Amino acid sequence: MESRAIALLKEAGSKGLLLSELIQELEKSASNVQNVIESLKRQGYVKEVEDQHNGASTTRLIWQGRESSKWNTFNGCPCFSCKEIEQCGEGQPITPWYCGKLNVWLAERLNPT
Amino acid sequence: MSAREELIKTVVIEFAGEDAIEVLVHLKEGEETTDEVIATETGMRLNSVRKILYKLYDLHLASYRRTRDKNTGWFVYYWILEPTRIHGLLRERKLKVLERLQQRLVYESENTFYYCQNNGCQRHTFEEAMSNTFKCPICAGHLDHDDNTEIIRILREQIELLKADIESG
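Those protein sequence lines, which keep their order, are chains A and B.
Letter by letter, the first sequence follows residues 346 to 458 of the working numbering.
Letter by letter, the second sequence follows residues 4 to 172 of the working numbering.
In short, the hints are calculated from the structure, not lab data.
Please note that a few of the clues may not be correct.
Here's a subset of chain B near chain A, in silico, CB distances under 7 Å, partners left out [to be verified]:
no.	residue
1	Ile16
2	Val40
3	Glu95
4	Val100
5	Arg103
6	Thr128
7	Phe129
8	Ile155
9	Lys166
10	Ile169
Residues from chain B that keep clear of chain A, each with C-beta distances beyond 12 Å, as calculated [to be verified]:
no.	residue
11	Phe18
12	Thr75
13	Gly76
14	Glu85
15	Arg126
16	Cys142
Listed next, with one range per pair, are the computed distances between beta-carbon atoms [to be verified]:
no.	chain 1	residue 1	chain 2	residue 2	range
17	A	Val449	B	Asp22	49 to 59 Å
18	B	Thr43	A	Ser376	21 to 31 Å
19	A	Val449	B	Leu164	14 to 24 Å
20	B	Arg88	A	Gly358	39 to 49 Å
21	B	Glu95	A	Asn380	16 to 26 Å
22	B	Glu95	A	Glu366	33 to 43 Å
23	A	Gln379	B	Arg94	29 to 39 Å
24	B	Gly33	A	Asn417	20 to 30 Å
25	B	Ile169	A	Ser376	35 to 45 Å
26	B	Glu95	A	Val394	22 to 32 Å
27	B	Arg94	A	Glu393	17 to 27 Å
28	A	Ser348	B	Gly144	14 to 24 Å
Owing to the predicted nature of the structure, the values given are computational and were not obtained by experimental measurement.
The C-beta atom is built at its ideal place from N, Cα and C for all residues, glycine as well.
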């Protein structure tokens with residue numbers, strides 16, 4: 346049910362879905378849907394905003410995107426963690442043309458072991 | 004620990020070192036704390052705590068409010084964690100990396116290279132090799148043509164992956 350809920354919330358985009366709409370779409374009990382939403386909220390994937398529907402106060406759910414706990418450094422490209430990146434570039438003391446770390450990374454990509 | 008907290012921890016270790024984690028865990032989102040409180044709670048030296056806080060500030064992951072203590076006349080800094088800025092920080096870094104990889108791609112595409120078979124020696128552009136009559140300036144070994152087609156392919160591939168990732172937000 347979680348993956349279906351995620352798909353529906355993603356599809357709704359920044360407009361989001363009312364909790365009642367989600368319950369209706371999923372055809373599950375309100376408490377089951379609420380449990381899934383609570384879990385998604387805890388993980389930071391969904392945010393709740395107060396809304397009015399037919400004169401009544403209700404909850405709108407907006408998908409915020411699945412956050413990755415991993416830092417994608419694209420196969421370990423050293424530039425991502427390089428502390429000298431601000432001094433690196435054309436006409437700078439360090440350049441990506443001669444960078445030893447970048448050369449090693451490229452060599453490893455050429456000859457993966 | 005949430006996915007975001009894990010990500011912040013990884014990035015902080017990389018940029019500010021392992022010690023920064025001690026300070027990071029004492030910083031809260033939406034709840035101010037001072038450097039002195041963190042120093043007391045962690046048992047770290049006040050100067051070390053301050054250094055780490057400024058590193059986190061440089062990474063935009065922490066911010067502060069400054070007030071003057073009426074009794075001592077000294078400034079008091081109230082620190083707060085800014086976890087939502089992690090995505091901005093990573094996006095900014097991706098753009099910088101993209102620019103460096105593109106510069107390298109242009110360099111590889113616009114030059115012809117020669118290399119010395121001695122492992123410790125550098126690669127040379129055609130102009131450099133010609134001015135040294137195709138002899139290595141370090142070991143005087145013969146310089147051979149270096150086919151960089153694969154390097155260009157790898158760079159293009161990584162650039163495309165990185166661009167797609169940046170565009171997907």
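Verification of the hints:
{"no.": "1", "hint": "Ile16", "result": "violated (10 Å)"}
{"no.": "2", "hint": "Val40", "result": "violated (26 Å)"}
{"no.": "3", "hint": "Glu95", "result": "violated (10 Å)"}
{"no.": "4", "hint": "Val100", "result": "holds (4 Å)"}
{"no.": "5", "hint": "Arg103", "result": "holds (4 Å)"}
{"no.": "6", "hint": "Thr128", "result": "violated (9 Å)"}
{"no.": "7", "hint": "Phe129", "result": "violated (14 Å)"}
{"no.": "8", "hint": "Ile155", "result": "violated (10 Å)"}
{"no.": "9", "hint": "Lys166", "result": "violated (11 Å)"}
{"no.": "10", "hint": "Ile169", "result": "violated (11 Å)"}
{"no.": "11", "hint": "Phe18", "result": "violated (7 Å)"}
{"no.": "12", "hint": "Thr75", "result": "holds (36 Å)"}
{"no.": "13", "hint": "Gly76", "result": "holds (36 Å)"}
{"no.": "14", "hint": "Glu85", "result": "holds (15 Å)"}
{"no.": "15", "hint": "Arg126", "result": "violated (8 Å)"}
{"no.": "16", "hint": "Cys142", "result": "holds (18 Å)"}
{"no.": "17", "hint": "A:Val449 to B:Asp22: 49 to 59 Å", "result": "violated (27 Å)"}
{"no.": "18", "hint": "B:Thr43 to A:Ser376: 21 to 31 Å", "result": "violated (45 Å)"}
{"no.": "19", "hint": "A:Val449 to B:Leu164: 14 to 24 Å", "result": "holds (19 Å)"}
{"no.": "20", "hint": "B:Arg88 to A:Gly358: 39 to 49 Å", "result": "violated (23 Å)"}
{"no.": "21", "hint": "B:Glu95 to A:Asn380: 16 to 26 Å", "result": "violated (37 Å)"}
{"no.": "22", "hint": "B:Glu95 to A:Glu366: 33 to 43 Å", "result": "holds (37 Å)"}
{"no.": "23", "hint": "A:Gln379 to B:Arg94: 29 to 39 Å", "result": "holds (33 Å)"}
{"no.": "24", "hint": "B:Gly33 to A:Asn417: 20 to 30 Å", "result": "holds (28 Å)"}
{"no.": "25", "hint": "B:Ile169 to A:Ser376: 35 to 45 Å", "result": "holds (40 Å)"}
{"no.": "26", "hint": "B:Glu95 to A:Val394: 22 to 32 Å", "result": "holds (28 Å)"}
{"no.": "27", "hint": "B:Arg94 to A:Glu393: 17 to 27 Å", "result": "holds (26 Å)"}
{"no.": "28", "hint": "A:Ser348 to B:Gly144: 14 to 24 Å", "result": "violated (60 Å)"}
In terms of the numbered hints stated before, the structure departs from hints 1, 2, 3, 6, 7, 8, 9, 10, 11, 15, 17, 18, 20, 21 and 28, listed from lowest to highest.
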